[in-house]
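J.: Read in order, the letters of the sequence shown are residues 0 to 198 in numbering that gives the first Met the number 0.
Note that these hints are calculated values from the structure, not bench results.
One thing to keep in mind: the hints can contain errors.
Pair ranges (Cβ atoms, derived) [stated by the list, open to error]:
hint, residue 1, residue 2, range
1, Gly166, Gly75, 14 to 20 angstroms
2, Asp88, Gly184, 33 to 39 angstroms
3, Gly166, Thr80, 31 to 37 angstroms
4, Val187, Ala64, 17 to 23 angstroms
Yeah, the Cβ is synthetic: ideal placement off N, Cα and C, and Gly gets one too.
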Amino acid sequence: MDQHQWDERYASTELVWTAEANRFVVEELADLAAGRGLDLGAGEGRNAIWLAERGWRVTAVDFSAVGLAKAAKLAGRRGVTGVRWVEADLREYQPDQAAYDLVLLAYIHLPPDEFGALLQTAVSALAPGGTLLVVGHDVDNISRGHGGPQDPRTLHRAGSVVAALPGLTIHRAEQARRPVLTDEGERVAIDTVVRAQRP
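Please work from the sequences and hints to get the whole structure.
T.: As structure tokens, then:
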């Protein structure tokens, strides 16, 4: 989906997703000491706001002005002030180098060359000792899971993400199941979760 399509999707409903942080973000990051965080592809801001509520100073980047406006409104309702909202295309955005204790890529699905370049951008933004968390729909989600993009070229495999992160220490790299409530009952989505650390 392009910027215009995401603007339309965000404008069509109160929240596309819930206001609560992604379950894998909570699992992997709840115990980290707060510092500077970078949320690449922040959407409606749920993960950035959750981090800010825990003391993080977050730069949240997305190319949808509509999504960011909703994020800022949600943050205001929750009394969150620790997020800087940045409208930018992730394929062009250049964060400060070695400046962040955490970089988050949650459900960013791009063609392989563009996603590989984004991973390198994310790694370059990590401070020594910083954590990178990548969460997204796994390629097996098409045949065995629910929802998400249906183009296998844009979906993740843990091994492929890890291969693009030479020099980082890998703490988790696996498929993970996530329950999804639908009108037809509970379904299961299959995601890729990779957590890595810069030495």
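J.: Evaluate each hint against the coordinates.
T.: Hint check:
1. For glycine 166 and glycine 75, the Cβ-Cβ distance of about 40 angstroms falls outside the hinted range of 14 to 20 angstroms, so the restraint is violated.
2. Taking the beta carbon of each, aspartate 88 and glycine 184 are about 37 angstroms apart, inside 33 to 39 angstroms as hinted.
3. Between glycine 166 and threonine 80, the C-beta spacing of about 35 angstroms keeps the proposed range 31 to 37 angstroms intact.
4. At about 33 angstroms, the CB distance of valine 187 to alanine 64 disagrees with the hint of 17 to 23 angstroms.
The structure fails hints 1, 4 (numbered hints given earlier, in ascending order).
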